[in-house]
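Chemist: Here's the letter readout for the chains.
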Amino acid sequence: MKRFMLLLLAALMLFTSAFAADGSSNVYQGYTYDFFRNVKSTPAPFVLSQVIDSASVANTGRTIETVTDVATSADGRIFIVDRTNSIIFVLDENGAYLSFIKTIKDENKKNAQINGVNVSLTNPEGVFYHEKAGELYICDTGNQRILVLDGQTYTFKRAILRPENMTGETEFKPSKITVDNADRIYVVVQSSYEGIIELNEDGSFSRYFGVNEPQINMIDYLWKSIASDKQKEKMGKTFAPAFNNVTLDGEGFVMAVTSDAASADKVFRLNFAGANVLREMGNTMVIGDLKTDTPSAFVDIAVKPYGTYALLDKTNGHVFLYNFDGELLCVFGSKGSAVGQFKTPSTIAWLGDKLIIGDADLKCAYIYEPTDFGNALLKAGEAYYNGEWDVATAHFEEVLRLCANLETAYVGIGKNLLMKEDYEGAMYNFKLGNNREFYSKAYKGYRSIVMKENFWVIALVAVAFIVSVLWSEVAYHQKQKRRMKK
Amino acid sequence: MKLVNKDKLKYWGYSLVHPFDGFFEIRFRNHGSLLIATLLLVAYAVLNCIKFQYTGFPMNLNNIDEMDALSLFISVVSVVVLFTVSNWTVTTLFNGKGKMKDIFIVLCYSLTVLIIGDAIVTFASNFVTLEEVMILTSVQMVCYAYFVFLVIAGLTTIHEYGFGGSILSIVMSIVAAAIILFIGILVFTMMERMISFFSSVFEELMRRL
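Line by line, the protein sequences are chains W and V. For what it's worth, this note's numbering labels the leading residue of the first sequence as 88, then goes sequentially. For what it's worth, this note's numbering labels the leading residue of the second sequence as 293, then goes sequentially.
Calculated directly from the structure, the hints in this document are not laboratory data. Any given hint could turn out to be false.
Distance condition first, Cα-Cα at most 27 Å in a straight line; then the derived DSSO-like pairs of lysine-lysine [as the list claims (entries may be wrong)]:
hint : chain 1 : residue 1 : chain 2 : residue 2
1    : W       : K518      : V       : K343
2    : V       : K298      : W       : K566
3    : W       : K466      : W       : K430
4    : V       : K298      : W       : K531
Incomplete in silico selection of chain W near chain V, CB under 7 Å [to be verified]:
hint : residue
5    : F123
6    : K244
7    : K518
Cβ-Cβ distance ranges computed for the label pairs, FRET-style [said to hold, decoys possible]:
hint : chain 1 : residue 1 : chain 2 : residue 2 : range
8    : V       : V431      : W       : A161      : 56 to 66 Å
9    : W       : K430      : V       : V431      : 38 to 48 Å
10   : W       : G423      : V       : S367      : 49 to 59 Å
11   : V       : K393      : W       : Q567      : 31 to 41 Å
12   : V       : I342      : W       : I545      : 57 to 67 Å
13   : W       : K430      : V       : S491      : 21 to 31 Å
14   : V       : Y436      : W       : A546      : 33 to 43 Å
15   : V       : V309      : W       : M322      : 56 to 66 Å
16   : W       : A269      : V       : Y436      : 39 to 49 Å
The structure presented is a predicted model; accordingly, all values stated were derived computationally and were not measured. Virtual Cβ for every residue (Gly too), placed ideally from N, Cα, C.
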């Protein structure tokens, strides 16, 4: 691994010096992990197409000081939250400036007021565009409230303050937010160990949702079990790791990530009861980098309606693509100072098939567009999710034409063949994809066909065996008898 | 010249089904054969390589691309040899009657069970699904259990220990094996340092002269 990292580094240096100027170079070479947790290289799934920075909003006379959160709407608008300047920029899908939100107006174009005070943003950290109601939800973190604006005119609609019936010790400092189709509001407060705050449509407190479990350290456990009560008081409690970001998947499940290394799980797909039902059917677990000294710390997650999700890792600046089954597709992105590389990646969002990735320290957001390889991956995932098996197979074959290292693609093709009862083809693909469970299923079918075809041979062998055993018994018995007579 | 006489072959089979009597004959009436034992050890080491590559796909979690037949072979041989030596060192201190040859023969004859079991499992694993792997695993477990029984029975017999003493001697031999390994590694690193020290001294001398 170390040798690989060195090689990677050397390759990176080579490429950054050779190609980085145009920003669409091999810096973004991808890789993936196989069943044996070895790194396998792949082509770049995404390449940089555009940079959004202060130059993009130059005609406002304002600058982007940091990128804290990014959200997109279905009609292609991009919302960029700048926490330092307390401002939200609105851009169109080509990165052209549309508008900004700082001091909020009401319908009559006057300053909106709450209790006689003008409504303006103070250190906002999160934004979410709610398609169903056409509303923009802003986490006005500094003012400890959530602002709801009209989705087109950005005029003030309502504010959600700390609910009076809220329990627990968590401060109401909303940081990230998402709203589901039943208008339930899920709010993440940074460093809250009580879970995600779930609010009802009217802004009243419903419950804490999805409590995270800390990893149990055996040595700590041992010490605590033999410590006295007084000692325990001094030891400090182990708190449940906090969630860092939240989003919804296409089926309405809440997906959340945590960057806390002490957490047992890193990615969550929470059902209504708050249990983690993330699918991890792939050859690797959904934990990002494997066999590494710098484990991945996920700060944001972006999910496509068909379940393919991208995880943003702030430690190594990697972006992980998983499909809805939790099978690793591809990893790309790196840290560095070339255009398109990251320093402190903070947020990720889908814009159609493109990815927007914000960097807090580089004060910019990158728009990455899929390459042929990335496109085939996404299309295959979509067709597979929708049950269009033949379409998915075609896309998977395209993926394999571009990169023969991807086990997930072999498994995808194998599943299609298995359903068509082409057992031998399925076995071949599952073997390449290192999927033993599905290989067994295919083999079961194959074996029963072989047994049916050669039934007479197998039956004859079995009968011959039984007869020979019986015969030897009889012969032995008779021999004994003869001996007895003597 | 006949390398292995029929009598010794007979006692090889006999000791597998009647370990106490069989190993007694081997130890005290000279019915054991070093040649058979060595052949069995080599056979098991070769089987270990075959097992790595040819175990059926559902059961085979090895990365065949990274197979190293030599280290697989040596890993088996070295464990047996190491245990023979460490068991001998321990039992000579604790009044064991067995010679090193006897210990080696007991270990290698017991390996027969593993050879049969692994061969069956490796062959059969090419015709099973994931659910049926459990059956093969339990067959393997039975073989390992019988192997352990044979080793304990054999060592008890050749050293004339009781059951408790025999277990204790095995535990002690494992500790001794660890110590031997530790000393071995130590010697090797020391040698390496010494050689590099002398070579640098020599180099220095050559440059100054």
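Chemist: For each hint, tell me whether it holds in the structure or not.
Modeler: Each hint, compared with the structure:
About 18 Å separates the Cα atoms of W/K518 and V/K343, which keeps this hinted pair within 27 Å; it holds. Note on V/K298 and W/K566: the hinted pairing holds, with a Cα-Cα distance of about 25 Å set against a maximum of 27 Å. For the hint pairing W/K466 with W/K430, the CA-to-CA distance comes to about 30 Å; that exceeds 27 Å, so the pair is violated. Between V/K298 and W/K531 the alpha-carbon distance is near 46 Å, which puts this suggested pair outside the 27 Å criterion.
Annotation: W/F123 was flagged as interfacial toward chain V, and the flag holds, the nearest CB pair being 4 Å apart, inside 7 Å. For W/K244, the interface hint is violated, since its Cβ never comes within 7 Å of a Cβ in chain V; the closest pair sits about 56 Å apart. Proximity of W/K518 to chain V holds as hinted, the smallest CB-CB distance being about 6 Å (cut-off 7 Å). Checking the proposed 56 to 66 Å range against V/V431 and W/A161 shows it holds: the Cβ atoms sit about 59 Å from each other.
Taken as a hint, the range 38 to 48 Å is violated for the pair W/K430 and V/V431, whose Cβ atoms sit roughly 57 Å apart. For W/G423 and V/S367, the Cβ-Cβ distance of about 43 Å falls outside the hinted range of 49 to 59 Å, so the restraint is violated. Remark: the range hint 31 to 41 Å for V/K393 to W/Q567 is upheld by a beta-carbon distance near 40 Å. A hinted range of 57 to 67 Å is violated for the C-beta pair V/I342 and W/I545, which are about 26 Å apart.
A hinted range of 21 to 31 Å for the beta carbons of W/K430 and V/S491 is inconsistent with their spacing of about 47 Å. A C-beta distance of roughly 35 Å is found between V/Y436 and W/A546, which places it inside the suggested range of 33 to 43 Å. For V/V309 and W/M322, the Cβ-Cβ distance of about 59 Å falls inside the hinted range of 56 to 66 Å, so the restraint holds. A C-beta distance of roughly 57 Å is found between W/A269 and V/Y436, which places it outside the suggested range of 39 to 49 Å.
The structure fails hints 3, 4, 6, 9, 10, 12, 13 and 16 (numbered hints given earlier, in ascending order).
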